[in-house]
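K.L.:
Once you've looked at the hints, dock chain B against the given chain A.
The listed protein sequences correspond, in order, to chains A and B. Start counting the first sequence at 6; every next residue gets the next number (this note's numbering). Start counting the second sequence at 6; every next residue gets the next number (this note's numbering).
Heads up, none of these hints are tricks.
Since the list can't tell identical chains apart, any single copy or any two copies may satisfy a pair.
Using 27 Å as the maximum straight-line C-alpha spacing, the simulated BS3-like pairs for lysine-lysine come out as follows:
id	residue 1	residue 2
1	Lys112	Lys290
2	Lys290	Lys24
3	Lys24	Lys288
4	Lys24	Lys112
5	Lys284	Lys519
I should point out that these hints are in silico values taken from the structure, not numbers from a laboratory.
Number of protein chains: 2
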Amino acid sequence: MATRTTVRRRCVRQWNTRKQMREERIAAGRGFATGKLVDPETLVDFLEAVLRPGDRVCIEGDNQKQADVLARGLAAMDPARIHDLHMVQSGVVLPEHLDLFDSGIAKRLDFSYSGPQSARIAKMLFGGKIELGAIHTYLELFARYFVDLTPQVALIAAVSADRHGNLYTGPNTEDTPTVVEATSFGSGLVIAQVGEIVDTLPRVDIPGDQVHFVLDAGRPFYVEPLFTRDPVAMTETQILTAMMAIKGLYQPYGVRRLNHGIGFNTAAIELLLPTYGEKLGLKGKICTHWALNPHPTLIPAIEAGWVEQVHCFGSEVGMEDYLAARPDIFFTGPDGSLRSNRAFSQTAGLYACDMFIGSTLQIDLAGHSSTITANRIAGFGGAPNMGSDARGRRHPSEPWLQAGAEADPDTAAPLRRGRKLVVQIGETFGEGNAPLFVEKLGALELAEKLDLDLAPIMVYADDTTHIVTEEGIANLLLCRSADEREQAIRGVAGFTEIGRGRDRAMVERLRARKIIQRPEDLGIDPLDANRNMLAARSIKDLMLASGGLYRPPSRFRNW
Amino acid sequence: MATRTTVRRRCVRQWNTRKQMREERIAAGRGFATGKLVDPETLVDFLEAVLRPGDRVCIEGDNQKQADVLARGLAAMDPARIHDLHMVQSGVVLPEHLDLFDSGIAKRLDFSYSGPQSARIAKMLFGGKIELGAIHTYLELFARYFVDLTPQVALIAAVSADRHGNLYTGPNTEDTPTVVEATSFGSGLVIAQVGEIVDTLPRVDIPGDQVHFVLDAGRPFYVEPLFTRDPVAMTETQILTAMMAIKGLYQPYGVRRLNHGIGFNTAAIELLLPTYGEKLGLKGKICTHWALNPHPTLIPAIEAGWVEQVHCFGSEVGMEDYLAARPDIFFTGPDGSLRSNRAFSQTAGLYACDMFIGSTLQIDLAGHSSTITANRIAGFGGAPNMGSDARGRRHPSEPWLQAGAEADPDTAAPLRRGRKLVVQIGETFGEGNAPLFVEKLGALELAEKLDLDLAPIMVYADDTTHIVTEEGIANLLLCRSADEREQAIRGVAGFTEIGRGRDRAMVERLRARKIIQRPEDLGIDPLDANRNMLAARSIKDLMLASGGLYRPPSRFRNW
Numbered sequence: 006m007a008t009r010t011t012v013r014r015r016c017v018r019q020w021n022t023r024k025q026m027r028e029e030r031i032a033a034g035r036g037f038a039t040g041k042l043v044d045p046e047t048l049v050d051f052l053e054a055v056l057r058p059g060d061r062v063c064i065e066g067d068n069q070k071q072a073d074v075l076a077r078g079l080a081a082m083d084p085a086r087i088h089d090l091h092m093v094q095s096g097v098v099l100p101e102h103l104d105l106f107d108s109g110i111a112k113r114l115d116f117s118y119s120g121p122q123s124a125r126i127a128k129m130l131f132g133g134k135i136e137l138g139a140i141h142t143y144l145e146l147f148a149r150y151f152v153d154l155t156p157q158v159a160l161i162a163a164v165s166a167d168r169h170g171n172l173y174t175g176p177n178t179e180d181t182p183t184v185v186e187a188t189s190f191g192s193g194l195v196i197a198q199v200g201e202i203v204d205t206l207p208r209v210d211i212p213g214d215q216v217h218f219v220l221d222a223g224r225p226f227y228v229e230p231l232f233t234r235d236p237v238a239m240t241e242t243q244i245l246t247a248m249m250a251i252k253g254l255y256q257p258y259g260v261r262r263l264n265h266g267i268g269f270n271t272a273a274i275e276l277l278l279p280t281y282g283e284k285l286g287l288k289g290k291i292c293t294h295w296a297l298n299p300h301p302t303l304i305p306a307i308e309a310g311w312v313e314q315v316h317c318f319g320s321e322v323g324m325e326d327y328l329a330a331r332p333d334i335f336f337t338g339p340d341g342s343l344r345s346n347r348a349f350s351q352t353a354g355l356y357a358c359d360m361f362i363g364s365t366l367q368i369d370l371a372g373h374s375s376t377i378t379a380n381r382i383a384g385f386g387g388a389p390n391m392g393s394d395a396r397g398r399r400h401p402s403e404p405w406l407q408a409g410a411e412a413d414p415d416t417a418a419p420l421r422r423g424r425k426l427v428v429q430i431g432e433t434f435g436e437g438n439a440p441l442f443v444e445k446l447g448a449l450e451l452a453e454k455l456d457l458d459l460a461p462i463m464v465y466a467d468d469t470t471h472i473v474t475e476e477g478i479a480n481l482l483l484c485r486s487a488d489e490r491e492q493a494i495r496g497v498a499g500f501t502e503i504g505r506g507r508d509r510a511m512v513e514r515l516r517a518r519k520i521i522q523r524p525e526d527l528g529i530d531p532l533d534a535n536r537n538m539l540a541a542r543s544i545k546d547l548m549l550a551s552g553g554l555y556r557p558p559s560r561f562r563n564w
Numbered sequence: 006m007a008t009r010t011t012v013r014r015r016c017v018r019q020w021n022t023r024k025q026m027r028e029e030r031i032a033a034g035r036g037f038a039t040g041k042l043v044d045p046e047t048l049v050d051f052l053e054a055v056l057r058p059g060d061r062v063c064i065e066g067d068n069q070k071q072a073d074v075l076a077r078g079l080a081a082m083d084p085a086r087i088h089d090l091h092m093v094q095s096g097v098v099l100p101e102h103l104d105l106f107d108s109g110i111a112k113r114l115d116f117s118y119s120g121p122q123s124a125r126i127a128k129m130l131f132g133g134k135i136e137l138g139a140i141h142t143y144l145e146l147f148a149r150y151f152v153d154l155t156p157q158v159a160l161i162a163a164v165s166a167d168r169h170g171n172l173y174t175g176p177n178t179e180d181t182p183t184v185v186e187a188t189s190f191g192s193g194l195v196i197a198q199v200g201e202i203v204d205t206l207p208r209v210d211i212p213g214d215q216v217h218f219v220l221d222a223g224r225p226f227y228v229e230p231l232f233t234r235d236p237v238a239m240t241e242t243q244i245l246t247a248m249m250a251i252k253g254l255y256q257p258y259g260v261r262r263l264n265h266g267i268g269f270n271t272a273a274i275e276l277l278l279p280t281y282g283e284k285l286g287l288k289g290k291i292c293t294h295w296a297l298n299p300h301p302t303l304i305p306a307i308e309a310g311w312v313e314q315v316h317c318f319g320s321e322v323g324m325e326d327y328l329a330a331r332p333d334i335f336f337t338g339p340d341g342s343l344r345s346n347r348a349f350s351q352t353a354g355l356y357a358c359d360m361f362i363g364s365t366l367q368i369d370l371a372g373h374s375s376t377i378t379a380n381r382i383a384g385f386g387g388a389p390n391m392g393s394d395a396r397g398r399r400h401p402s403e404p405w406l407q408a409g410a411e412a413d414p415d416t417a418a419p420l421r422r423g424r425k426l427v428v429q430i431g432e433t434f435g436e437g438n439a440p441l442f443v444e445k446l447g448a449l450e451l452a453e454k455l456d457l458d459l460a461p462i463m464v465y466a467d468d469t470t471h472i473v474t475e476e477g478i479a480n481l482l483l484c485r486s487a488d489e490r491e492q493a494i495r496g497v498a499g500f501t502e503i504g505r506g507r508d509r510a511m512v513e514r515l516r517a518r519k520i521i522q523r524p525e526d527l528g529i530d531p532l533d534a535n536r537n538m539l540a541a542r543s544i545k546d547l548m549l550a551s552g553g554l555y556r557p558p559s560r561f562r563n564w
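Just chain A, with the same shape it has in the complex (with noise of 0.2 Å):
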């Protein structure tokens, strides 16, 4: 009876209307190719020919590499053809992502990360010119690509194809094989924009057969070289944070496998490990296995033999000599350049480390974070993903089971689960003067402005164990109540105006209990955090550390 129905059912639906759409997209692409080769000078005819009004599309581009020949093309064409698009994709960096909201090409949006954009997102989204979907932390987005948000046409990038179409992409893989795999076996339309085509690949990060159409762009694609830091910006405060995180948390809980942020606090974390952590006798001890781009400011730790294992989401602008010269240490592929990918360092990030450690620009009296001010939208990237406690984890380490034994002492070891080491540092008042600790966030002022669901909380109260400022260390583990929480954070919020309201009397009771440590509780003296303590004072330090093989951009060359 059943089976009976859907017999009958079955001889009318049709199976395949996706793959025939598809081969449909592939006969209107062919009249602007030449095989798979898409002829230069009609780009704009040929996306015009391939999309579909209300189409979801997913751009590639994160925080660093961008599919910026593709972009033009798609903030070139006639929204009176195409047009409403959904545009699914890891970061709205390049200002043509946004143009095609303004034109009304685009109308709907899903995104994980807009920091160069941030500013104008906002005021779109104010506006009402983008119908936001949601904000999302990178991981979350590529498995919905798989589940409710698969792309009918994905645009990427990659550095060379052969004639068959098969794609290297070269130190910068990062999201291209996750954005091919969703979109090509979901039946969808992929098209790559490449810097040349080769007649033999170095190595084949894609194989050809998941690739429709290639665009030969006559150049590479644009790369933001966005975890370079130069050490000359690097504060004495910033140092003494990096040494209190140093002695008052990767010592103690023995931390080896970790993330590190963006920001210039991490980074000094990176160059104090061969001199101020060499002297603590750490070598080994700590930061041995890393989920994390190639910052140049590791290359010192690298240099000195601090690290055994790095994994990278991407790569990073003139580190490519040095990563294919240290293949023991980073994952490098047949042709001896490194191999990236978001999705798996991303799930190194959220499963097989025990930190994550970042900036951020504001956090409340709860301990929520977030770097999304009321004007600024900057979006996730990974950091909710990392900064996050993974409840599915099974396997013990040291630092895990340390900190959750902290966090809750009464359990009986067996059934205690452990926690992941989630630290916030910065100073207490960061750029522009701005006071680090704030009573309101900004994202929750946004969240009532855009009437969103949910509050674009960066890393939330409950997921962060420690505070790290210049004042001293907030163990949030070690508070029994939201108001030892309260008063651990008020701690270490230094002048700002919640430092100033903090409850004396029970601030030094939490001092005595070790739940605040002020840096002469660590043993270290201020006075000591100096630049001399940098294991490279400049960019210049760091080339040279690298035996020359670390190739600054242009704009951090200044000799």
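P.N.:
This is chain B only, laid out in the frame that chain A set:
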């Protein structure tokens, strides 16, 4: 100074020892191979030539596909030559996987799943024959492949290879891309067993430059049809719990994106969608997007138009032609056949699903559950990953927000996170009349016996949101104390000792608050739960529903 020191050091330190070691292994293996093609007659000699004592080795195999010929080859090695291997692998499934430890070829083990070997592995752990690293959930183990458990040698399985070593993994792609990426780019050696060598592959799943040796096994790799549930064996109690789940959970939360466990209870839900679900008017409102293996019991729902998309961890024996004929629903390649991918499907289950529902063996009074008894260590597989709240998630959905609001009605909405629905479903007395509810989990006894840091809990109490038995649904989200939680659990535990130990008055109060819902509270008459409601009542029905495309393995055929 720091710079000068490191320059000096760099002169003595070699940075390509791993690649050099791989070159040595390749050179040694070439004596038993023509190009990349290993002579099958000399497999054991070949393995002894490329392996080294103490190597970290990944043998591919999960709950489905197995690199069985390579496993047999490994087990036949001379332990005097190759010993003390550290095995890292998704599944300990074949006898040979454990023979390695009996003979001393292997010493240490990190794994995820050990279904069919659960009794023997327990014995060997008690006997000290295996040094246990940890038991992981799949995605967590994959994460460690990129951080601190990168394999030096991977032994994988594919359908076919061409003469360049390009691999076709077909519908059972599963773990292969992940294992190969970690090993090959991590400077390790990749050896593939294939069913045949062909001139042209149907599609390229793994580029040949990532594969170092290929063994023509002359026959397909072994696959276990683990996800086939014969409707003949479904009980009326299972049908009742399935009805309760649909009406009491799927409908009120509006669950569209989900994962089902492996048992009969959830298979019954799949078979009730086109009948009971249709009657409730739920088509298009629930169960549209899945992270799921291709369960044969999902065929009637797919044929009736319930399902929009399914992403698969692996394939299922006999489902190949059906999957190839339904590309609108399943992810398929240019060859037309399924492309599964365990890493991405687990990521989808973690971050893009609103519900995980599965069966378990034991639930305790707090709500912890486990499939491990004191004498059987079945491992975890994927359940802890999918059955845990994804705290890095930042996109809202209605089911997720509703569950979050139930758990925490007091926090202001924009700062309140949602919750993943994590549901345990089962009969109060399970197989062999063993009670589902226990005072103390076998997993806890095991942890004490083996002195483990962590009891192997499948799903922790604080991640579990609902428990469904034939007596009722307990909504743990609405419980406001540990006491209420315990009584909610006792209140659906039927005539088990735990159930009989309930506080009757409190249970009635919980029922009044809808924390416990009985079948009659849901408007379900247990007498309606009969086998006529199943959209298919036998494997033959499933085959017929598929229009003959599903070809059940012979062990499931009785016609």
